[in-house]
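Colleague: Listed below, chain by chain, are the residues.
2 protein chains.
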Amino acid sequence: MSIRIGILGYGNLGRGVECAIRQNEDMELCAVFTRRAPETLTIQTPDVPVCNVNDIPDWKDKIDVMILCGGSATDLPEQTKKYAELFNVVDSFDTHANIPEHFSNVDAVAKAAGTVAIISVGWDPGMFSLNRMYANAILPDGNDYTFWGKGVSQGHSDAIRRIDGVKDAKQYTIPVEAALTSVRNGENPKLSTREKHTRECFVVLEEGADAARVESEIKNMPNYFADYDTTVHFISEEELKKNHSGIPHGGFVLRSGKTGWNGENSHIIEYSLKLDSNPEFTASVIAAYARAAYKLSKEGQKGCKTVFDIAPAYLSNKTPEELRATLL
Amino acid sequence: MSIRIGILGYGNLGRGVECAIRQNEDMELCAVFTRRAPETLTIQTPDVPVCNVNDIPDWKDKIDVMILCGGSATDLPEQTKKYAELFNVVDSFDTHANIPEHFSNVDAVAKAAGTVAIISVGWDPGMFSLNRMYANAILPDGNDYTFWGKGVSQGHSDAIRRIDGVKDAKQYTIPVEAALTSVRNGENPKLSTREKHTRECFVVLEEGADAARVESEIKNMPNYFADYDTTVHFISEEELKKNHSGIPHGGFVLRSGKTGWNGENSHIIEYSLKLDSNPEFTASVIAAYARAAYKLSKEGQKGCKTVFDIAPAYLSNKTPEELRATLL
Numbered sequence: 000m001s002i003r004i005g006i007l008g009y010g011n012l013g014r015g016v017e018c019a020i021r022q023n024e025d026m027e028l029c030a031v032f033t034r035r036a037p038e039t040l041t042i043q044t045p046d047v048p049v050c051n052v053n054d055i056p057d058w059k060d061k062i063d064v065m066i067l068c069g070g071s072a073t074d075l076p077e078q079t080k081k082y083a084e085l086f087n088v089v090d091s092f093d094t095h096a097n098i099p100e101h102f103s104n105v106d107a108v109a110k111a112a113g114t115v116a117i118i119s120v121g122w123d124p125g126m127f128s129l130n131r132m133y134a135n136a137i138l139p140d141g142n143d144y145t146f147w148g149k150g151v152s153q154g155h156s157d158a159i160r161r162i163d164g165v166k167d168a169k170q171y172t173i174p175v176e177a178a179l180t181s182v183r184n185g186e187n188p189k190l191s192t193r194e195k196h197t198r199e200c201f202v203v204l205e206e207g208a209d210a211a212r213v214e215s216e217i218k219n220m221p222n223y224f225a226d227y228d229t230t231v232h233f234i235s236e237e238e239l240k241k242n243h244s245g246i247p248h249g250g251f252v253l254r255s256g257k258t259g260w261n262g263e264n265s266h267i268i269e270y271s272l273k274l275d276s277n278p279e280f281t282a283s284v285i286a287a288y289a290r291a292a293y294k295l296s297k298e299g300q301k302g303c304k305t306v307f308d309i310a311p312a313y314l315s316n317k318t319p320e321e322l323r324a325t326l327l
Numbered sequence: 000m001s002i003r004i005g006i007l008g009y010g011n012l013g014r015g016v017e018c019a020i021r022q023n024e025d026m027e028l029c030a031v032f033t034r035r036a037p038e039t040l041t042i043q044t045p046d047v048p049v050c051n052v053n054d055i056p057d058w059k060d061k062i063d064v065m066i067l068c069g070g071s072a073t074d075l076p077e078q079t080k081k082y083a084e085l086f087n088v089v090d091s092f093d094t095h096a097n098i099p100e101h102f103s104n105v106d107a108v109a110k111a112a113g114t115v116a117i118i119s120v121g122w123d124p125g126m127f128s129l130n131r132m133y134a135n136a137i138l139p140d141g142n143d144y145t146f147w148g149k150g151v152s153q154g155h156s157d158a159i160r161r162i163d164g165v166k167d168a169k170q171y172t173i174p175v176e177a178a179l180t181s182v183r184n185g186e187n188p189k190l191s192t193r194e195k196h197t198r199e200c201f202v203v204l205e206e207g208a209d210a211a212r213v214e215s216e217i218k219n220m221p222n223y224f225a226d227y228d229t230t231v232h233f234i235s236e237e238e239l240k241k242n243h244s245g246i247p248h249g250g251f252v253l254r255s256g257k258t259g260w261n262g263e264n265s266h267i268i269e270y271s272l273k274l275d276s277n278p279e280f281t282a283s284v285i286a287a288y289a290r291a292a293y294k295l296s297k298e299g300q301k302g303c304k305t306v307f308d309i310a311p312a313y314l315s316n317k318t319p320e321e322l323r324a325t326l327l
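Chains as they are written, first to last, in numbering that gives the first Met the number 0: chain A, 0 to 327; chain B, 0 to 327.
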């Protein structure tokens, strides 16, 4: 008996979830829901219906977990609480500052409806959060460091594209190796924004645009680039397509802490990800937590949860006995 | 109101737990128990009694969590089930092959007594197991790699010391950098024992011992050294004391996996530890799980648990609200 999954939203993340479900033999994709006209959408899985969002209520008893693949800015604040009334849900809400509010909105609905809603699943928030939390609990006397990259920042790429004269652009966030090394050496550096990451931009200009002006506008853009050492490369549209069409990402979470009667011993805990595809990896984390949502719901649990609230074994399709025998 | 902790066994691990308790303001050390004559033992914490193991039953209602700091070979198989009758307990049982049996022995006692027993806590088993499990759940299509070191292996050091003519010895297990690099590059290598780790030995000879014979005995010792590239250095007792008296350790857990409709994207999840003191870090993990044992018991839970069964938030002294606001 498979876990019946629905996907709402068929962008990069939705397609990633579709792939992830295929890799988990205890899961089955039942339907993909879209705001577009369903007939305009072709999905990868054969014989799975594409439906309009308006049909979602008809699926109430036919789907165990609805995976919400919308954006954090406007989609998820509405969708997660709306659909937690009907289904167990998982989302990847990633506006860190608004997580407490999102949690309490969703928790109220899920508790009333008797569903399980797992929010902010992915790698940051998600696996990075988990590693920050475990490392903080283990080493209370220490410092946290999170580095992102090397990877494509969609927000920064979009910011460049909005500049007059820019036809297309990709921006990579890159951790500064010297800073990482210092942290790994237990030096507990205080790092400024500029010392932690550099930004590298690949820009395609519109015909006749002024390269010097565009470069200056990028490098001086407040919040996005002004506080960083930024490199700008002007390249052709062909080169951008050929060499920069992937969506890689990753990063590093470190905690540097002391133990001993007088703090005489140092320890470094490091977690890192190197991802060819940011959305597919996020989707893979979400699929594992969809399994957890299903199991928790079967146990009669309800309400909103985050990665902090869920025992690791719920993520696995192995039995507790198998886990103890093979992975402990 | 502090969590009242007892320590049974005052070797390296017990002393490490004592230090860890001092770093956690919600915990309080109530007593240290020893098989030795209590008056022969001086502990670091002022005004805490040292008691004989025979007095343990008198402490039944005065201790919330008893931390068992004995060895896995003979102590813990008896102690954990014995003391789970009286207390919530945490142990660091690390004989991987015997974990299922230990679990079921302890589970029966703890369920009957209404206590929580958390076994096999530390870093391997422990944090490494957790990372293997999370990574397997996220990337079902992939390969696992665990490398240990650079660090002191107590078992291998002991094996050298048993050789005729050896006065003292320290053995370091060292991961092979080329193997690590290949895994990180997503090459999914099949690695032999020899390709994963090397062994480096620092040996102090007895007066007049035959160095060539000792070196040959070490390098050809079955299971311990014969399958590895082993280097032997003969040094003076002073040099051993000066440069090799620490107990550093650490290692790397990696999972290399594929996602995408046709497995076209690769991902590397890596967790690593670099520890100045193996027992103090293990003790720090144990302290966090002692908090979890206390909280779970307060909730009315009972029975044997491992790191797989415990939601991360139980390890922290922050509230769920604080965790969501600061670490998610």
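Keep in mind that the hints were calculated from the coordinates and are not lab data.
Keep in mind that a hint or two might mislead.
Copies of the same chain are indistinguishable here, so a pair counts whether it falls within one copy or spans any two.
Said to hold, decoys possible - Calculated cross-link-like contacts (lysine-lysine; reagent style DSS-like; alpha-carbon spacing at most 25 Å):
1. K59 to K166
2. K81 to K294
3. K61 to K241
4. K110 to K317
5. K149 to K81
6. K81 to K189
7. K240 to K297
8. K241 to K80
9. K317 to K166
10. K317 to K59
11. K294 to K240
12. K317 to K301
13. K301 to K195
14. K149 to K297
Colleague: If the cut is 25 Å between Cα atoms, do K317 and K301 qualify within a copy, between copies, both or neither?
Modeller: Result: close both inside a copy and across copies, 23 Å intra and 22 Å inter.
Colleague: Cα distance capped at 25 Å. Does K61 pair with K241 within a copy, between copies, both, or neither?
Modeller: neither (42 Å within a copy, 68 Å between copies)
Colleague: Checking an output row: K301 and K195, CA cutoff 25 Å. Within, between, both or neither?
Modeller: Neither: 40 Å inside a chain and 45 Å across chains, both beyond 25 Å.
Colleague: At most 25 Å between C-alpha atoms: does K81 with K294 qualify within a copy, between copies, both, or neither?
Modeller: within (21 Å within a copy, 33 Å between copies)
Colleague: Go through the copies and call it for K240 and K297: within, between, both or neither, with a Cα cutoff of 25 Å.
Modeller: Close neither inside one copy (46 Å) nor across copies (58 Å); limit 25 Å.
Colleague: Using 25 Å as the alpha-carbon threshold, which applies to K149 and K297: within, between, both, or neither?
Modeller: neither (40 Å within a copy, 44 Å between copies)
Colleague: State whether the alpha carbon distance between K149 and K81 is at most 25 Å within one copy, between copies, both, or neither.
Modeller: neither (36 Å within a copy, 52 Å between copies)
Colleague: My question is about K59 and K166: at a cut-off of 25 Å on alpha-carbon distance, are they close within one copy, between copies, both, or neither?
Modeller: Neither, since 44 Å and 73 Å both go past 25 Å.
Colleague: 25 Å Cα cut-off: does K317 pair with K59 within a copy, between copies, both or neither?
Modeller: neither (28 Å within a copy, 37 Å between copies)
Colleague: Reference check for the pair K294 and K240, CA-CA at most 25 Å: within, between, both, or neither?
Modeller: neither (43 Å within a copy, 54 Å between copies)
Colleague: Between K81 and K189, at a C-alpha cutoff of 25 Å, which is it: within one copy, between copies, both, or neither?
Modeller: Neither way: K81 and K189 sit 43 Å apart in one copy and 48 Å across, limit 25 Å.
Colleague: Please work out whether the CA atoms of K110 and K317 approach to 25 Å or closer within one copy, between two copies, in both situations, or in neither?
Modeller: between (28 Å within a copy, 23 Å between copies)
Hint compliance for this structure: hints 1, 3, 5, 6, 7, 8, 9, 10, 11, 13 and 14 are broken, all remaining hints hold.
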